[in-house]
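Peer 1: Sequence:
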Amino acid sequence: MRVFFAYLALSSAVGVLCNPLLRRQTQNTNNEISAIVDALDMQAHVNVPNIGGFGQYIGTQVDQLVAAFKTAASDLSNTTVSSGSNTTSPTDDDISVTFSDVMQILATGFSGISTSTVPSFGSMISDLDPVVAASAMALNTTLPGSLVLVHDMMLDAQQFFIKEGGWTQTLQSLGF
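Under my numbering, the first residue of the sequence shown is numbered 87, with each subsequent residue one higher.
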């Protein structure tokens, strides 16, 4: 019996010491998280449709997307980790669906573009990929488990990221 209590005490101590030192999930910060993800979604809806026109504006659109994803990653990182909610709006799923929308717009919006149509396309993707991945990881840290639904909703659209190439960090952050 002593061995059992010693084991219980040791396992409890190990659990406490090995637990990542994240801010504790004591409050629902979904409103703040949703505002950040909504702003990113709006920016994607502004910039991505203009990318399909190619020409001189694609670089400007990509630069604005890079800035939006950097801002989202930074803002999410500075938001208290949410206890989340499946009943109070915005729910965890609401936020995940909106972030998934951003990812789907991004994946499909760049489909059909290649270095033969836009010579600097590779460098544009290399600028976007790390900031998109960083925002996804920041979302998953601030709203734990939020990328599970995003992953499921991206099962079809992820093919565009794969085909376009260069989206390795984004694909990895989404679990592909």
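For the record, the hints were derived by calculation from the structure and aren't laboratory data. Mixed in with the good hints there might be a few duds.
[Claimed, not checked] Have a look at the derived ranges for each label pair, beta carbon to beta carbon:
| hint | residue 1 | residue 2 | range |
| --- | --- | --- | --- |
| 1 | S163 | G261 | 26 to 32 Å |
| 2 | T112 | T203 | 49 to 55 Å |
| 3 | S206 | Q258 | 19 to 25 Å |
| 4 | N164 | M128 | 16 to 22 Å |
| 5 | P205 | I248 | 30 to 36 Å |
| 6 | S206 | T177 | 27 to 33 Å |
| 7 | V132 | P230 | 25 to 31 Å |
[Said to hold, decoys possible] Distance condition first, Cα-Cα at most 25 Å in a straight line; then the derived SDA-like pairs of lysine to any residue:
| hint | residue 1 | residue 2 |
| --- | --- | --- |
| 8 | K249 | I199 |
| 9 | K249 | S169 |
| 10 | K156 | S206 |
| 11 | K156 | E118 |
On a predicted model such as this, the values are computed, not experimentally measured, just so you know. Every residue, glycine too, gets a C-beta built ideally from N, C-alpha and C.
Peer 1: If a hint holds in the structure, say so; if it doesn't, say that too.
Peer 2: Hint check results:
1. S163 with G261: 26 to 32 Å: The hint (26 to 32 Å, Cβ to Cβ) is violated, given that S163 and G261 are roughly 20 Å apart.
2. T112 with T203: 49 to 55 Å: For T203 against T112, whose Cβ atoms are near 50 Å apart, the range 49 to 55 Å holds.
3. S206 with Q258: 19 to 25 Å: 24 Å, holds
4. N164 with M128: 16 to 22 Å: 20 Å, holds
5. P205 with I248: 30 to 36 Å: 22 Å, violated
6. S206 with T177: 27 to 33 Å: Given about 40 Å between the Cβ atoms, the range is violated.
7. V132 with P230: 25 to 31 Å: 29 Å, holds
8. K249 with I199: 10 Å, holds
9. K249 with S169: 37 Å, violated
10. K156 with S206: 21 Å, holds
11. K156 with E118: 17 Å, holds
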